[in-house]
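Engineer: Spelled out, the chains give:
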Amino acid sequence: GAVVSQHPSWVICKSGTSVKIECRSLDFQATTMFWYRQFPKQSLMLMATSNEGSKATYEQGVEKDKFLINHASLTLSTLTVTSAHPEDSSFYICSGFAGTERSEAFFGQGTRLTVV
Amino acid sequence: GENVEQHPSTLSVQEGDSAVIKCTYSDSASNYFPWYKQELGKRPQLIIDIRSNVGEKKDQRIAVTLNKTAKHFSLHITETQPEDSAVYFCAASRGTGGYNKLIFGAGTRLAVHP
Chain A
-7 GAVVSQHPSW
3 VICKSGTSVK
13 IECRSLDFQA
23 TTMFWYRQFP
33 KQSLMLMATS
43 NEGSKATYEQ
53 GVEKDKFLIN
63 HASLTLSTLT
73 VTSAHPEDSS
83 FYICSGFAGT
93 ERSEAFFGQG
103 TRLTVV
Chain U
2 GENVEQHPST
12 LSVQEGDSAV
22 IKCTYSDSAS
32 NYFPWYKQEL
42 GKRPQLIIDI
52 RSNVGEKKDQ
62 RIAVTLNKTA
72 KHFSLHITET
82 QPEDSAVYFC
92 AASRGTGGYN
102 KLIFGAGTRL
112 AVHP
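Here the protein sequences come in this chain order: A and U.
Taking the numbering used here, I'd label the letters of the first sequence as residues -7 to 108.
Taking the numbering used here, I'd label the letters of the second sequence as residues 2 to 115.
There may be inaccurate statements among the hints.
[Said to hold, decoys possible] With a straight-line cut-off of 25 Å between C-alpha atoms, the simulated DSS-like cross-links for lysine-lysine are:
1) A/K12 - U/K23
2) U/K23 - U/K38
3) A/K33 - U/K43
4) A/K58 - A/K6
5) U/K69 - U/K38
6) U/K59 - U/K38
7) U/K38 - A/K33
8) A/K47 - A/K12
9) A/K6 - A/K47
10) A/K58 - A/K12
11) U/K23 - U/K43
12) U/K23 - A/K33
Because the hints were derived from the structure by calculation, they are not lab data.
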């Protein structure tokens, strides 16, 4: 299957700092990628849709100024958590669609963010 | 907005028994329904999916059924094994163009006891 590589796999940062998470599609081009957040023992909640060359689309309740998304190329989307707070600690995961009908989603490894 | 409900939240079975997880979706335009298995701290892994032009799909011990009229779909696992223990998520999406978001159910924690 297609490969989505996400880095870092885990990060610890201090409150008030910013953290950038990268999501790369290694063997397919992704004009669209999706960013999810998953709190412990909960489901994957869609945060935003990243669009190559244009602005991201954010889900209701997600602060676009806090979660900055950049999709500058067909193989790279980044999520920057700005001014991180302990409540931002979560598992962040990206996905892109590949396959003949582009219906199968492939996920990155996820990033465990801990804000102290 | 779009919503996917999933039941039960936890499921405990004996090895060899069958397990059934059910999901209901709200968006009638949804036409792609994947099921994922997620182990702790790992990415979701696709185990089976179904599209709206099909009512049932089977892959060895795993099967999925879809009832478009009722807007629900189910995952069936037969002859369960301890390694089937994990969290299972259903999801729904519109379209096949690759530009449509997946909406996930809340998840079912399956425990298979030897």
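Engineer: Does A/K12 pair with U/K23 here, judged by a C-alpha cut-off of 25 Å?
Structural biologist: Violated, at about 37 Å.
Engineer: Starting from A/K47, check that the Cα of A/K12 is at most 25 Å away, please.
Structural biologist: Holds: A/K47 and A/K12 sit about 17 Å apart, inside 25 Å.
Engineer: Check the hint pairing U/K38 with A/K33 against an upper bound of 25 Å on the C-alpha distance.
Structural biologist: holds (14 Å)
Engineer: For the pair supplied as a hint, A/K58 and A/K6, confirm whether the alpha-carbon distance does not exceed 25 Å.
Structural biologist: Within the cut-off at roughly 15 Å; holds.
Engineer: Does the alpha-carbon distance linking U/K23 and A/K33 stay inside the 25 Å limit?
Structural biologist: With a Cα-Cα distance of about 19 Å, the restraint between U/K23 and A/K33 holds, given a limit of 25 Å.
Engineer: For a C-alpha distance cap of 25 Å, please report whether U/K23 and U/K43 respect it.
Structural biologist: holds (23 Å)
Engineer: Hinted pair, alpha-carbon criterion (25 Å max): A/K6, A/K47. Please report holds or violated.
Structural biologist: Not satisfied, since the Cα-Cα distance of roughly 28 Å exceeds 25 Å.
Engineer: Can you confirm whether the C-alpha distance between A/K58 and A/K12 stays at or below 25 Å?
Structural biologist: Given that 25 Å is the threshold and the Cα spacing comes to 12 Å, the pair holds.
Engineer: Keeping to a limit of 25 Å between CA atoms, is the pair of U/K69 and U/K38 held or broken?
Structural biologist: holds (23 Å)
Engineer: Is U/K23 within 25 Å of U/K38, Cα to Cα?
Structural biologist: holds (14 Å)
Engineer: What's the verdict on U/K59 and U/K38, does the C-alpha distance respect the 25 Å limit or exceed it?
Structural biologist: holds (16 Å)
Engineer: Under the criterion that the straight-line Cα-Cα distance not exceed 25 Å, is the pair A/K33, U/K43 satisfied?
Structural biologist: holds (13 Å)
When held up to the earlier numbered hints, the structure conflicts with 1, 9 and fits the remainder.
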